[in-house]
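So you can see what is in the structure, the chains are spelled out below.
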Amino acid sequence: MWLYTFKRLLQGVVTVWFIATATFIAMHNVPGDPLLNDRAMTPEIRANVEAKYGLDQPLATQYFIYLRNLAQGDFGISFTQENRQVNDIIREHFPVSAILGVLAVVFAAAGGVLWGALTAIYRNRLPDYIIMFFVILGISVPSFVVAALSQVSLVNLNSLFGTTVLPVAGWGTIFHMLVPAMVLGLGTMAYLTRLMRSSMLEIISSDFIRTAKSKGVPPARIFTKHQLRNAILPVVTVLGPAIAAITTGGFVVEIVFAVPGLGRFFVEAVQQLDYTVIMGTTVFYGAFLVFMVIVVDVLYGFIDPRMSMK
Amino acid sequence: MQSLSSADFAPIPNSQEVHGISRPSLSYWQDAWIRLKANKRALMSLYIVIFLLLFTIVGPWIWRVSPAAQDLDQVSQPPGSPRVALIVDDYTPWFGEGNPLETGLRTFGDPTTQVVRLQWNALPGAAGHRIYRNLFPLGPERAYGIPIGEFFDNNTLFFEDRLDLKPQNYYYSVVALGQFGELLDSYELIEVDVKRVTTIAEALEQELVSHTSNFQIGDAIDMAWHPLGTDYLGRDMLARLMAGARVSLFIGIGAPFLFVLFGVMYGSIAGFLGGKIDQVMMRFADFVVALPFLLFMILFKIAFGVGPGESGVLPMLVALVILMWPATARLVRGQILLIREQGYISASQLLGAKTPYLILRHMIPNTLGVVLVTLTFAIPSAIFTEAFLSFIGMGVVPPTPSWGSMSNEGIKTMLTTPHELIFPAVIISITVLAFNLLGDGLRDALDARMRNQE
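Chain order of the listed sequences is G and F.
Going letter by letter, the first sequence gives residues 1 to 310 in this note's numbering.
Going letter by letter, the second sequence gives residues 1 to 454 in this note's numbering.
These are calculated hints, taken from the structure and not from any lab test.
Possibly wrong hints are sitting among the right ones.
[Claimed, not checked] Derived coverage of chain G by chain F (criterion: at least 3 residues anywhere in the stretch with Cβ under 8 Å from a Cβ of chain F; other residues may be distant):
1. 15–26
2. 180–186
3. 251–259
4. 271–283
5. 286–292
[Unchecked claim] If we take Cβ atoms under 8 Å as the criterion, some of the chain G residues that face chain F in the derived model are:
6. N29
7. I99
8. I174
9. A244
10. F266
Ideal placement from N, C-alpha and C gives every residue a C-beta, glycine not left out.
Let's have the full structure, built from the sequences with the hints guiding it.
Written out as structure tokens, the structure is:
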């Protein structure tokens, strides 16, 4: 198990290096000039600024400086915000995205498992049809539409009660996080519900359930111990990619609900061609996602004892 | 127990019928088609997809309205709104002459979409006045609306509003200003019902009337018809939805087609060759999978660059292909590994078949079912990605319409004119839903191993 974890971590480091290199190559092909703005720049000043950011070096040297800084956890200085470290920007805005993402993942996973199990138990009966209708809705309606509609409903809700029941936008308290997290997790929840449903259906019709029933195990115990525990395994395997989808999917939700997260900041940085911020954020996100997938895979080994045998 | 007689042991007559084949033999694809036809949801989705393709390809030939043409007399009009307009004279400036006997805030002449003329008497204690316009009556919080004009003297007691007028009710307020331009407490309010008008020149220009027809000032004419209303720039929603469908479906179908094609080639080569080459190729695919998808979509899009006058469709297509091929490649490789061990491959090799022939003749056709299912599921996710990127302003470049960018424009006015958001949102949802259900149906029909439990 430990050897497996170590191997996965090593693979992860190589993957992060690949992400960093791809980011470097992509960014150096961007047309346009980061130093070309409305301020007039004499050649001397330009040379100074280029020297400051290392832009006068050959590309290979730039690449190695970039990798060395990355290895030390230094993403550099923002191009457009004077004297602001990219590390500071990430430190300031990432926790917001992370809290929102964690809430969304918890919401999606809990909802997905619950609804999926319910639909399987009530297969081809009314609860199944109702839940699957909403699942199909959750899969086919884009998140920005859901975000906009939920904002309108919040406005109506607040004006109905005459006070602010739940804030429409912004960030700060737990009440600010609730609705954005639900909107963010909705698509993933729909996906997990479908997965849980088919996995649960497979379990329900399997032999060991019939055995448990025939030897008189109470239905509640069959449900929790035998069905849920086994059916949940495929859901856990896709949690890693699901976290990835939710974190990057946060862009839209952060924009619509005015949440000061890293996703919104990334979009702004792209619009301003803030090279170091774009590169830093991309590599940081990439490393985070690679790490999350490894964590989920390793955790899976603990949940499913069969895995550690391999 | 029943007793048996000797008659029970008589031999059954040898009938030819037993050996006959009761049903015609079906190929794999014929069988799949029968299964798909039996699936009502999938068939319904197939019809919707066909309708969408017709809407995209044939639609612009039937509804010949330019998606870029602006109808400034009908801006942000929901579908079915009245479109009768009165013909009036050309606009002439007005300098506040009117009937001085009337008092209070009042209109001069008929309030029309061309101009609303306001007159008032100096408010008590005012050193100047500011005029506000609102869509809603003055509530308890005294929301006057948007300021549209202000005068820091007491000589100017009239105002002409020509700012983006629509045929609806407006609430105008005039509020007294103090010595330093601060708002005082006294105000007057008037509700104005604005009528839609147009001038002869405009009517001729928009071809609402012909030169030969007989009309005069005061006649009522019908404005241009917009079945689904207009957007915030007065562009026809139906025409824009059709033009947007071209962009959205071009990316949504073109990109999956290309990356599935690439993934099939990559995966089949890796799977067939096996060994070291396979390992290296699949490790590279793993790296590409690890790239954070949306961030790299945006990165690649700005790396390719969009020149002036370009729509930004091609960069997005290329970025999608670069990032999304590995899933297909993995799947196809797995299939090829299975097929490679089958007897008929050895038989073909024994007959002298070369590798390209084996791959093209035997392996790829046998993976086609799985590939088709992947393709169908890749389409909605590509459509989503396009809509998502266009929504955050990283997709197609305005004025090119796409469903995502139309939603982005519509969301800004969703409280006052919800149709601008609803139409693109609904059509995205229907398209994604149709392709998803079709994919489910195809999977059930084509591939016994992937068949789900529904």
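We went through each hint and held it up to the structure:
1. 15–26: holds (count 6)
2. 180–186: violated (count 0)
3. 251–259: holds (count 4)
4. 271–283: Our answer is that it holds, as 5 residues pass the Cβ test (under 8 Å) against chain F, meeting three.
5. 286–292: Held - the segment 286–292 of chain G has 3 residues with a Cβ nearer than 8 Å to chain F, which meets the minimum of three.
6. N29: holds (5 Å)
7. I99: Given a least distance of 19 Å, the restraint on I99(G) is violated.
8. I174: With a minimum Cβ separation of about 26 Å from chain F (threshold 8 Å), the hint on I174(G) is violated.
9. A244: holds (7 Å)
10. F266: At about 7 Å, which falls below the 8 Å cut-off, the nearest Cβ of chain F leaves the hint on F266(G) intact, so it holds.
Checked against the numbered hints given earlier, this structure breaks hints 2, 7, 8; the rest are met.
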